[in-house]
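*Asks:* For chain A, the structure is supplied; the task is to place chain B with the ligands on it using the hints.
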Amino acid sequence: MATERQSRALGRLFIYGSLGALAIFYLMPLWVMIVTSLKSLDEIYAGSFIGLPKVVTFEAWAKAWGTACIGTRCEGLRPYFINSISMVIPAVILSSGIGAINGYVLTKWRFKGSNVVFGMLLFGCFLPFQAVLLPMAQVLGWLGLSGSVAGLIMVHTVYGIAFTTLFFRNYFITIPDELTKAAQIDGAGFFRIFFSIMLPAALPIIVVSCIWQFTQIWNDFLFGVSFTAGEGTPITVALNNIVNVTMGRKQYNVDMASAMIAAIPTLVVYVVAGRYFVRGLTAGAVKG
Amino acid sequence: MATLEIDRVKKSYGQMDVLKEVNISVGDGDFLVLLGPSGCGKSTLLNMIAGLEDITSGEIRIAGEAVNDRSPKDRDIAMVFQSYALYPTMTVRQNIEFGMKIRGVPAEERARHTKIAADMLQMAHLLDRRPSQLSGGQRQRVAMGRAIVREPKLFLFDEPLSNLDAKLRVDMRTEIKRLHQRLGTTIVYVTHDQIEAMTLATRIAVMKDGIVQHFGPPQEVYDRPANTYVARFVGSPAMNIIPATLHVGADGRAEAAVSLPSGEARIAGIPLSAATLKGYHGQKVLLGIRPEHFSLSTTGLDTHIDVVEPTGPDTLAVFSMGGTEVIARLEPFAAAAGDRLRLAVKEEKVVLFDAATEARLD
Ligand SMILES: Nc1ncnc2c1ncn2[C@@H]1O[C@H](COP(=O)(O)OP(=O)(O)O)[C@@H](O)[C@H]1O
Ligand SMILES: [Mg+2]
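If you read the protein sequences in the order shown, they are chains A and B. Using our numbering, read the first sequence as starting at 1 and increasing by one per residue. Using our numbering, read the second sequence as starting at 1001 and increasing by one per residue.
You may find that some hints are simply not true.
Output of the computed footprint for chain B on chain A, the stretches with three or more beta carbons under 8 Å from beta carbons of chain B [stated by the list, open to error]: (1) 184-194; (2) 197-208; (3) 232-240.
In short, the hints are calculated from the structure, not lab data. A virtual CB, placed ideally from N, CA and C, is assigned to each residue, including glycine.
Next up, chain A with everything else stripped away, as it sits in the complex (with noise of 0.2 Å):
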């Protein structure tokens, strides 16, 4: 008895310690991040990068945000960041938007080839990026949206159909089909079915498709550095210019700073939403 308790202690002490081991070896990077962009460059450049610093000084954040100089503007990430925001809200909601209602037909109101629709629309899942790059340059283009903050929400907006479908489709086909039949009967139509009866039940999955989206499209580099520039670029390509700038010392408390400027909406999204993201991917519809 004495020794199964003593060995079932044992496991415990092994599992905990490697957890926080690796714990700790995970956060390593945050801390330095932390650490660091709170230091003074002189203080980074004559001590340790790992220790507290001796004076907290906020200088990086404020030069981050509102000085530093990315080609020849020196006003910080503030313009990117706000770029970035007005990209990803409207692309997060065209594009789950857009998805609920394709989740929505494909499982309500299929018709002939609706599961081919669907297959072509989940290829669209598995094609990379690069693919579509040149394509996507050409159409931006024909369009007049090359270069443009509009032009990015359109390329986010049609690449995150397929997954934002995806999701939506998985969901609703969950959701019994009598619920449909008796909305008609009732005297709803499409929209009216939609949006007072499927949309409401699917609360879990709204959130998880805008989680989803909003930390692609946030954290998207390629499409933003391929598709614009200058004063148009998202924040994680004015974040590239910032920390590539090689004049003088190198500012890494500045540049730790920027770069957790650029991740801080995404981990305030998780952390506010996170519990329903959990949540959505593991549940089914609530049943009538």
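*Replies:* Just chain B with the ligands now, kept in the frame of chain A:
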């Protein structure tokens, strides 16, 4: 309230014919039950009446008017589904009022209708709950309430009780019957449960493979089934179907010869028209005998009882006759396994079927 006519209605999905020319016609206030095994096309037919499925050919008329081209909301019908189909994010009250809201019924009138339905179904205390907070029986009530407030010409029920446990099913069955008596609205009710069909219907349509096998009042379906399929589907235990040879008896009436382990026996006085009897003299036929139409009698058939199954109110005695297993429903303790019993047959209740087509002979 309305009549319903289903006139030469067919349904195909691509190459597959799901319904092959269905003809059914019921009067105002009738309770029509579509009875048949899973996959025979009952729900398809109901959905076609509701307007949820297209009609491939033929015509459906409600209150004398063809409704083929009308959308569900314009057919003046209400439907209750097997899965209840309550809107999950709405309260019971919102569920019931949803349809009225769409039709633009003013708020006070909606509230009045909801109250009447809630009182009728004893669910006034549930109005502010969500479907997920209700039991199966309560959900079924709500689904019925949602149908009632529509005040439709026609109620459609698709296996409304199959998700409930046995006890609740019987209670809700009574509830539906009471509802029908009270409102007098014509009802079409789909089920695979023959007891539900017998207890509720004023008209039963027994279906198989998209064909109506027998359409008539429940007692007729039970007493004079149109073929052996209907005979076996309705009644529990099912009607015994026994191979026999038909003869013209000494009195000129039909007489069947059946083999028993103890030798050949004759059942005389079976009702059959003279013309049919003439054609079938000396031919193989099938006898249809309900288990309750056997009884103890000193002059009856000589049977060897194999198995006895007491059910409480009666005892089911199993024996061999005409080369098949036959069940007789007898009094408790009337038989024991291994007994030799003499059993008489109520000959006027015997039904005859053609041996090849298995259709009833009249
Ligand atoms: N949308 C459809 N496409 C193809 N076949 C269908 C469709 N709906 C039903 N069926 C077929 O029609 C037959 C009857 O189905 P249904 O009316 O649901 O039977 P029941 O309600 O009697 O169990 C089944 O064989 C089923 O597979
Ligand atoms: Mg069915």
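*Asks:* Check each numbered hint from earlier against the structure, then list the numbers of those it violates in ascending order.
*Replies:* Per hint list: single violation, 3.
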